[in-house]
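Peer 1: Can you make the complete structure from the sequences, with help from the hints?
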Amino acid sequence: MTAPPPRSLGEALREALPAYEAPEALREWARAQASSEMHSLDRASKRRDIRRFAYAAGLVAALAIGWSGARIFHASGDGSRAQVLVTALVDTHVRSLMADHLTDVESSDHHTVKPWFAGKVPFAPNVPELQSQGFPLIGGRAEFVAGHTAAALVYGRGPHTINLFIWPSSASDAGAPTATYNGYALAHWSSHGLTYWAVTDAASSELEAFKRAYVASLQ
Amino acid sequence: MVLPHLNAAYTLARYLTKDVNEAEDATQEAILRAVRYVHTLRNDADARAWLLAIVRRECYGGRQHRIDTVAFDDVPELQLVDQGAQTDAAANRSMLQHRIREVVAALPDGLRETLILRELQQCSYDEIATITEVPLGTVMSRLSRARARVAEALGSLASFEEGYG
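Chains as they are written, first to last, in the working numbering: chain A, 1 to 219; chain B, 220 to 384.
Hints are supplied without guarantee of correctness; some may be wrong.
Unchecked claim - Derived coverage of chain B by chain A (criterion: at least 3 residues anywhere in the stretch with Cβ under 8 Å from a Cβ of chain A; other residues may be distant):
no.	segment
1	229–237
2	241–249
3	321–335
4	359–372
In short, the hints are calculated from the structure, not lab data.
Yeah, the Cβ is synthetic: ideal placement off N, Cα and C, and Gly gets one too.
Peer 2: Here it is as structure tokens:
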């Protein structure tokens, strides 16, 4: 406020006219476009709706994953179980965003989401509401992931989506507690005979926070 | 190639379309095009001007070319005067800036795009000629007309005491 008055018209203009920053979703989308050579998908993924940008990025990433994943396994022959599972989880996450099939039951009320799973999956997943921790409940759906009938809980984190896959498991499953795969973050834990896998395009630190919030809500 | 200039592209789109959604749309279309035709770009140094040219075409092509001027909120002078919170100088300053935005938004497209590319994006005259698809002489005359309009509008502002050329 105490800055000297502009000395030239150009200076006055630059002071008065903001240089805009492209919205983050647009930037992400552009990054995906730039790194992709699958131009045939461009048209299909173009939507006015800004939220679609993230989905489009996911679409491109999914193809890249499928493609590069296939190549890696093919080249090295190292299709370890853990890696296969991680790939399957990320694929499922991405597909859930692509296909307009994020939720079978859409509700931010756990009294709606939890009962919905009865009869769909052979266990009763915990469905805490984590809105106050910044993870609004979006809904849930039934999934079949890497040979498991799973409950998928869907939480939001800003513009990002978190898929939490849950299935019964007696042993602690193969896989490190965290992983990243083609830019997706994964977190894994087991509790009370259930295995949990959370997948997101948000930062892995956000996913850690989500895991803490979820686990704490069950205590 | 495209990403480093994304903000410049989006900024230009904002000023040309004067609409957030249209700007996003145009930027998006432009990126699709740019990614598809990036192999036609011979020189990396031209990438920014090249992208801005695509953005500009998308801004004008993707809609009915509007000639009307944007309706700004009325009574800007009264809104901006808050003597309790601002010194006179600061109030004058923000009034001035508001007035500049108003004048720039009301400029005809040809003048506004030239002014934005030059003053905000700091493009060279040659680049502007390429981007806006007019001869160099036209760039010069548009720029001077745009500046004159802004200066004229500012000169009529009572609170404006510094000399603008």
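Peer 1: State the violated hints by number, sorted upward, taking the hints as numbered earlier in the document.
Peer 2: Checked against the structure, no hint fails, so every one of them is satisfied.
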